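Engineer: Our numbering puts the first residue of the sequence shown at 12, with every later residue one more than the last.
These are calculated hints, taken from the structure and not from any lab test. Please read all numbers here as calculations on a predicted model, not as lab measurements. Hints may contain errors.
Unchecked claim - List time: in silico DSS-like cross-link candidates among lysine-lysine, alpha-carbon distance up to 30 Å:
| # | residue 1 | residue 2 |
| --- | --- | --- |
| 1 | Lys65 | Lys173 |
| 2 | Lys135 | Lys152 |
| 3 | Lys152 | Lys65 |
| 4 | Lys162 | Lys90 |
| 5 | Lys90 | Lys165 |
| 6 | Lys133 | Lys75 |
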Amino acid sequence: MIYDNAATDTAYFNTQPQVQVIAKSAQKHTGPFDGARGLSSKFFSLDLFTNKLKGITRQTSTSKCARSIRIALQSAGAKFQSHPVAASDWGDTLKTIGYRQITPAFDNPQDGDIYIIHRTQKHKYGHIAGYSGNSWVSDFKQRSYDVYKDKNVKYSYYRLAK
């Protein structure tokens, strides 16, 4: 058998993962993002997002809140190159896709609002939920936003930028 390299030459054995290259085009971007930040309403449907949340009817948690919110966002048109696993780490990703952080408005939520509960000693991944227009939903239909029943938890609250 003929080889391009000598059998003793190990340079062609790449033990490092290959670098992924993302090519940029000089043409105007027509993808799911409006410029570098923000979802374009042309590509993201708030109705699809809230309808996906309304379709979640479980009454108890499966401990997969971040997965449920990610799937709901993707079903509405959001695109992610990567995303965090832990719910408490989703803030920057939400900002990247067009959400902005605001002061918590649990007394007046709007369709599509998302909140994050930061990690605690008892809950190392935190929690994330979206407002369906009727209720707060994560991987289950919540009775309120206050799922941890702990007054010391810290919240981050996000609303889709207009």
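Engineer: For every hint, state whether the structure bears it out.
Structural biologist: Against the structure, the hints:
A hinted pair counts as satisfied when its Cα atoms are at most 30 Å apart, and Lys65 with Lys173 qualifies at roughly 22 Å. Pair hint Lys135 plus Lys152 holds up; C-alpha atoms about 21 Å apart against a cutoff of 30 Å. Simply put, Lys152 and Lys65 have alpha-carbon atoms about 8 Å apart, close enough for the 30 Å limit, and the pair holds. For the suggested pair Lys162 and Lys90, the alpha carbons sit about 34 Å apart, so the restraint of at most 30 Å is broken.
This hinted pair checks out: Lys90 and Lys165 have alpha carbons roughly 27 Å apart, not beyond 30 Å. Our distance criterion of 30 Å between C-alpha atoms is met by Lys133 and Lys75, whose separation comes to about 16 Å.
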